Amino acid sequence: KAGVTQTPRYLIKTRGQQVTLSCSPISGHRSVSWYQQTPGQGLQFLFEYFSETQRNKGNFPGRFSGRQFSNSRSEMNVSTLELGDSALYLCASTDTSTNEKLFFGSGTQLSVL
Amino acid sequence: SQQGEEDPQALSIQEGENATMNCSYKTSINNLQWYRQNSGRGLVHLILIRSNEREKHSGRLRVTLDTSKKSSSLLITASRAADTASYFCATARGAGNTPLVFGKGTRLSVIA
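If you read the sequences in order, they're chains F and H.
Sequential numbering from 899 applies to the first sequence in our numbering.
Sequential numbering from 220 applies to the second sequence in our numbering.
Some clues are possibly wrong.
What the hints assert, rightly or not - Covered by chain H, according to a simulated footprint, are these stretches of chain F (three or more residues, beta-carbon under 8 Å):
(1) 938-949
(2) 952-963
(3) 986-992
(4) 999-1007
Hints in this document: simulated from the structure, not taken from any laboratory.
Keep in mind the model is a prediction, meaning the values are calculated, not measured.
C-beta atoms are modelled at their ideal positions from N, C-alpha and C, and glycine is treated no differently.
Just need the whole structure built from these sequences, with the hints factored in.
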């Protein structure tokens, strides 16, 4: 099976712009979670989607949003980018029969200038 | 907010030595998981230990769990240079198994 695929791998944006990141989960996985990783805050949970519905949400401002499509692919969007949004954004999928361990993609490294 | 806290933050050892990392958490859990991350990449699941288990082995990995102390340890035996990475413990925040909340990790350097 192919692993979790995230695109793009690297992204450079300027303050005020918006960005969309994409994640394709492992085939058959219906749960997709997003995390933000920074050196200062570590791994912070953004949100989780299951069957096109947001199931859990972390403590992030409304500028961060996501969605999931019927094929389980997910996107996250950040509007009005700030310098502090520079981070590695990680997507992970879960086998919903067990709903336990996460399978991560390689991440999207976002730099906001 | 972090549910798990790893200790130490950084660890440097010689190849062939054992490496021990600790994790403390705050609330009751169904299971505790350990993940590894090579620099700038995604995390890879290493091992899961359930709340009714005290010890688990997988290859050179040994994990213990003490629910009374809300702590876990990860032991890597006979370390190799390729084990150099960051190691994270993770627990579910709520009653279910998601979302997983990660600690800030232990940065392990294995020197050849």
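Hints, one by one, checked against the model:
no.	hint	in the structure
1	938-949	holds (count 4)
2	952-963	holds (count 4)
3	986-992	holds (count 4)
4	999-1007	holds (count 8)
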